[in-house]
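**Student:** Here are the chains, one letter per residue:
There are 2 protein chains.
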Amino acid sequence: MSGKYVYLFGDGKAEGRADMKLLLGGKGANLAEMSSLGIPVPAGFTISTEVCTHYYEHNNSYEDVVVEQVKAGVKHVEEVMGVKFGDVHNPLLLSVRSGAPASMPGMMDTVLNLGLNDQTVRGIIEQSGNARFGWDSYRRFVQMYGDVVMGLKPESKEEEDPFEVIIHEMKEKRGVTLDTDLSADDLKELVELFKAEIKKRTGKDFPADPWEQLWGAISAVFSSWNNPRARTYRKLNNIPAEWGTAVNVQAMVYGNMGDDCATGVAFTRDPATGEKIFFGEFLINAQGEDVVAGVRTPQPLNSTTRRDDSLKTLEELMPAAYADLVKVYKELENHYRDMQDIEFTIQKGKLWMLQTRNGKRTAAAAVRIAVEMFEEGMIDKETAVMRVEPEQLDQLLHPTFDPDAEKKVITEGLPASPGAATGRIVFHADEAEEWVARGEDIILVRIETSPEDIGGMNVAKGILTQRGGMTSHAAVVARGMGICCVAGCGELKIDYRTKTMTVGDKVYQEGDWLSLDGSEGLVIEGKVPTVDPQLSGSFGKLMSWADEIRTMNVRTNADTPHDSEVARNFGAEGIGLCRTEHMFFEGDRIKAVREMILADDEAGRRKALEKLLPYQRDDFYGIFKAMHDLPVTVRTLDPPLHEFLPHEEENQKAMAAEMGISVEDVKAKVEALHEFNPMLGHRGCRLGVTYPEITEMQARAIIEAACQLKSEGVNVLPEIMIPLVGTKAELADQKKVVLDTAKKVMEEKGVEVDFLVGTMIEIPRAALTADKVAEEADFFSFGTNDLTQMTFGYSRDDAGKFLKEYDDKGILPDDPFQSLDQEGVGQLVEMGVQKGRQTKPGLKTGICGEHGGDPRSIEFCYRAGLNYVSCSPYRVPIARLAAAQAVLINKK
Amino acid sequence: MSGKYVYLFGDGKAEGRADMKLLLGGKGANLAEMSSLGIPVPAGFTISTEVCTHYYEHNNSYEDVVVEQVKAGVKHVEEVMGVKFGDVHNPLLLSVRSGAPASMPGMMDTVLNLGLNDQTVRGIIEQSGNARFGWDSYRRFVQMYGDVVMGLKPESKEEEDPFEVIIHEMKEKRGVTLDTDLSADDLKELVELFKAEIKKRTGKDFPADPWEQLWGAISAVFSSWNNPRARTYRKLNNIPAEWGTAVNVQAMVYGNMGDDCATGVAFTRDPATGEKIFFGEFLINAQGEDVVAGVRTPQPLNSTTRRDDSLKTLEELMPAAYADLVKVYKELENHYRDMQDIEFTIQKGKLWMLQTRNGKRTAAAAVRIAVEMFEEGMIDKETAVMRVEPEQLDQLLHPTFDPDAEKKVITEGLPASPGAATGRIVFHADEAEEWVARGEDIILVRIETSPEDIGGMNVAKGILTQRGGMTSHAAVVARGMGICCVAGCGELKIDYRTKTMTVGDKVYQEGDWLSLDGSEGLVIEGKVPTVDPQLSGSFGKLMSWADEIRTMNVRTNADTPHDSEVARNFGAEGIGLCRTEHMFFEGDRIKAVREMILADDEAGRRKALEKLLPYQRDDFYGIFKAMHDLPVTVRTLDPPLHEFLPHEEENQKAMAAEMGISVEDVKAKVEALHEFNPMLGHRGCRLGVTYPEITEMQARAIIEAACQLKSEGVNVLPEIMIPLVGTKAELADQKKVVLDTAKKVMEEKGVEVDFLVGTMIEIPRAALTADKVAEEADFFSFGTNDLTQMTFGYSRDDAGKFLKEYDDKGILPDDPFQSLDQEGVGQLVEMGVQKGRQTKPGLKTGICGEHGGDPRSIEFCYRAGLNYVSCSPYRVPIARLAAAQAVLINKK
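Listed in order, the protein sequences are those of chains A and B. At position 390 of the first sequence (counting the first as 1) the number is 404 in our numbering, and the numbers step up by one without a gap. At position 91 of the second sequence (counting the first as 1) the number is 105 in our numbering, and the numbers step up by one without a gap.
Just to be clear, a hint being listed does not mean it is correct.
Pairs count within a copy or across copies, as identical chains cannot be separated in the list.
Keeping only pairs whose Cα atoms sit at most 30 Å apart, straight-line, the calculated DSS-like set for lysine-lysine is [stated by the list, open to error]:
| no. | residue 1 | residue 2 |
| --- | --- | --- |
| 1 | K395 | K757 |
| 2 | K849 | K786 |
| 3 | K815 | K750 |
| 4 | K98 | K681 |
| 5 | K344 | K85 |
Hints are computed from structural coordinates only; laboratory data are not their basis.
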């Protein structure tokens, strides 16, 4: 190992740059960039991610070259800041922070005030003239180092932090309630008590040597890359484990040296709405962690964004520093050409920037910022389109509360993450996961959230917290996840022990229904009905730009006229998958379906099918009408017939009674239809081959509906799709039934309609022999759900038993049912397209598996040359945007 | 349509040749060839198979050009034979016979004596001077034409032929028992009665016009290409439906004009043993169909092959004609350089040849003839190796009756097809299929068999007939199928009505056990134990030639030392698949297996696995020892764990009692392990990934056994195979467990053994990503059973529900579980080999699915570049021969 591993910055210069994120992490790269721009940044250095990788590969050790470069780094900081590491009079104190290539807020460890010991604390007191500050800094350092580096932080959050226990005892002894009520002497005593606790628990002395402290902290940060919550976060956000984290070592600056000090976080535009206002919060005389921890209620930066008139703004309290901050934020946004999330500290009136990064934002904000930045001339259209994560749009596309519905608002909080949610109250994140696993919708209610809650937050419909501001953990995470959140709802009283939440004198139990309006910050009792979302003008603009760019069509999977209309309003350009089996369950139809199944011969089946025909025709009439002028792909019957029979004895009895047959006959039929592996059994076109009369009835219903509409002047484009085809002969067999029936119907009706007959490609063999299958097919639609099942040999219903273990062991990078396995299944898709077009150049191809709504899979579909993707109605805009981004990504 | 569709022959000349079988069918091509050789063949012409195809594609019609050429053909026959079609004094009578490119004996229709009507019958009587012959010929013609062309033949063979009913009534009225006892007048009356019956049943008159008769017969023959029994036969013999049949129209010659006439069939060598003797049967004053129908007992051609001294030979009765026949048969065998099956008729002392073709033969005969023809200098070694159908060897490789066993021989018949069979008596072919479907072994017992019985014959263990000779339908078909047959067992009295068979006064019922020795012609009461087959010297020679030629190794699938030895004796060069799960069921082991499954944690599982370890080690010890110096591929545990638990309540109770737990606990575990699609569930390496301790125990057992044998001086070559791998990471995970365990064991034992770690390629994704998987694999073994299931999306256990229909509709040309689907699954095999070797040139690859014993699949494996095939022990010689033929086929 040789080369450069440590990158210096500070004093208007830097060795790194913003585009070196993979090497320096986001924080390090941006600190370097800010320093180069001449923005005031405390001097420091970044240890690169290469060191992290080496550290893991070499049994948590460092090469000499790294040690030397860190030494030089400290020297550089000493020189720029005019202080000395370990000096008893003018000591350099350091922060040691993680900084990964992708933002992972709060997931990894941090150590502040490093360099303090019984000697250097005197120097700090000397320099600051503030004994309380000195001892408080020392106390905080020992606590943080003890937790993070020496491992005293409890693994379970049910256990209390031992240092907090000591503080609590001290406060009780002193008869005070706030940490700030403790005196310098109290804090000094706490340092000793903390050290004793560390010795007691670890058998080791707290290290007094600043260098030992430094290496301990660096190693703790590297190690925290692989802690469980960081791993969970990476998985949720598709961040590769190989990237590693960088470590930033930087001179400390203090927002807590007195009332001429402050610390804060800000966004250059409103991260919830995207509005172009400078938006942030700060605390006087505080360290940075205090703002995001949500313990004290932070103050607004300026009057524009003040919600509570009792709070003073930074603009009012420190106008000079505020003016500097405004200058910096504008420079940063202009430089990065994106909305920035910044952290700053004001030490004795002087502004220091600690971080800048592209700010996380709600989908609404992302859309508005992208569109307005284009209109301001800051970015071009393509950049605007690339600025919004397609997945994020999900937030905008789901229903909101019906404005006319009666709502019993029981309290209000901060509108921390927009959207509407209804669910049952659950108080613990891990229990939330259990509730959701049982199929419940839940609202996670917490005093405040912490990174350990990430799993439960991810499955909640909404999050409600008692404490914390707009930049609290709960708020930031919820916005990132697109989950509705009401934060800092001070009127709530939450008791984890009794699992109750009290507002006034009304007590809510675990399991009670609650609704949240994250856009308004409302907490509502019970369930509230929702209405379809209203999309902003910015949204429409962005979508129209996406439509200009994209080359793939976006269709929807819809089985009813209502879903068809919803999708059409979202921009769907047709139906890619209309499943007909759902229609078999409604009302009286199931009876006719069962008659068909129970019939002993073709004549009996035909009799039952005749009863179904008018229902199916009406279904198709409604759907075709809703989708006039657009293609509608109808899939013939797919599931095995046993799915239409009851499997519970109770229901079998009811069916027997209704049909006037014996329960034994019902049972015998269920038994006869039993399959060992129904997924690989008598379903799909195999049903149509053995019972052509079913296909015939369905084809008749489709063509009759089409003829009727055509004679009413409505333009219809039916595409009949045969499922589960594995051989050309199967498709040929079913196609013949369809064509013969269509010919007959059109003769009967005296109306000619154009239609296509194609197939799902969902059996590996169909992809392998796509050149043959294409001879019979007008189009291919890749059914990647089944294709994934068969290519992996996984039953979707059963794979849960081992997929979790596979995930934990890193055997599968992603759940192949969520994001298309491009390496394996993707080969079959590519092969299908290529071989199909070898036979029929220009063969229309699409995807109708659930992957059709997954942005990464959509990008793959673009590369594979598909003509369209089809997804659920609410995902249509996501797919439109993803399809546009696919073009832009592949242009590069 | 234009060109040549009708090919003339006769008078020492011909337009066709023997190598034109695809166009003229086997019979037509050989008639032409014989005619060109100057062998006496009645003049005639062949309508080519192209006309058949055209006939089916154009709604059963003919082009004018065909009609013209047929007319010219009839003219040619008239000229050569000196007779005239439809002439009242000297009429030409014709035979109209099918003749497909591949032999399909008795499957299609034939019409003889065509051209007779109320006028021409006078001419025949005039010419032959024999009124009875004339009317009998006319009677036979009307009957045959009525049955075949006019459709009076009953579809079900339970119904009697209406003409036979009339004959029967006539005989009763006349008080006679034999057809031959009927007078010329009786026969003349029969003709009228037959015509009346035809009119009554069809509403149509019997056609008097010879040309109308001719076209009716030609169409009937073309149509019979697609009758059900022909379709069944083609399927069993892999004959493509597209080939079609030719039609041979030929002047009639008569073996039934008097006692100076005869008809017979012969083989140029013994078709049962291959011995070089001229072997055949004939009947005086008979038509050809009488010999094969088995109604009269035929006489031997010569004293060499006479078994019954009371019968006169042709040599004795017609020495001149016999001498001509001997000259002809020698010329034919020399010309074709293969054993010929010939048909001849002697009309008034003159020999006419009606057919020659390569004779069907038993496997023993095939081997002997191939080897002896090579030794006689007639053919080369490669031809000899190509002369034996690998599949046929199956006959030689199965056990025969233990010569020392007590056998109660109840009667004897002709040794019509060799082998030994034990099964339960069934009298009807269709019922035979039902019995076998229920898992019974059966012996089909018939008075005589007919082409309609083909399905039942194919599933029988043995066939026993009361009537018929060595060339009877039963004998010919049984030899072709490799099924043991005792024919012409005259002492039997069979009563279909009561379903009984009587020998002397002993009555056997349907369902009674019976054994047949087809090599000796013995019928034995009850079951008889069998012994392993003794293979002939010719067999050894042929196999050694095959071994010289072949390039692929042949291994075996064996799970026990005994099977390993059997396979080794058959020439297996290692084990390609040793399944370990079978070992889990024996004796006490299942208890330990269940303890493992019931254990709540790893410690509990390890405890149970420790009990299994010594058993597994001993298993491997025995197998490795039996296979010393040869590679042994051991597959780690594959089936889902629920297969080791009882599913019946009764057995669950027993298990609960034995394990000392509640039956509820057993049920709960069974329930917990339940899967919707177990084939796609928690099995194969997925078990090993979640329970690495199972893989660890198995690896330990393998390596401990290997170390022990090595220290005893035995050379062992274990190859550990991980099943159901779909991703490189799975294999890497399991390989690490194996390597770590092996290292530990070898250190403990102080012995080093070489071993490989490879994988099954049985998941489509593994083939698609074989380049990646190969990075971790020392070898690939294609598990084509599972690969077929997943590539088609067919569950082998369930596909029966629709595969029959698929077969009937021609959607699948073959059952993909029997013969590898080269078009689809084969692509994955080729891809696996090619991508695997892209990563590791020379990667060892093999196949261990059941396809490894199927000759067509073996030929595919050769082309795909596999190093070895692995099959069941008894199929090893078949695979050796098929592997040699693969080389020869692909050399061409």
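**Student:** Go through the copies and call it for K98 and K681: within, between, both or neither, with a Cα cutoff of 30 Å.
**Tutor:** neither (86 Å within a copy, 71 Å between copies)
**Student:** How do K815 and K750 come out at 30 Å by Cα distance, when the copy is not named: within, between, both, or neither?
**Tutor:** between (42 Å within a copy, 22 Å between copies)
**Student:** I want to check one pair: K395 and K757. Are their C-alpha atoms no more than 30 Å apart within a copy, between two copies, both, or neither?
**Tutor:** Classified as neither: same-chain Cα gap 49 Å, cross-chain 61 Å, threshold 30 Å.
**Student:** Pop the pair K344 and K85 into one bin, within, between, both or neither, using alpha-carbon distances up to 30 Å.
**Tutor:** neither (35 Å within a copy, 102 Å between copies)
**Student:** How would you label the pair K849, K786 (within, between, both, or neither) given a Cα cut-off of 30 Å?
**Tutor:** both (8 Å within a copy, 24 Å between copies)
Comparing the model with each earlier hint shows violations of hints 1, 4 and 5; every other hint is respected.
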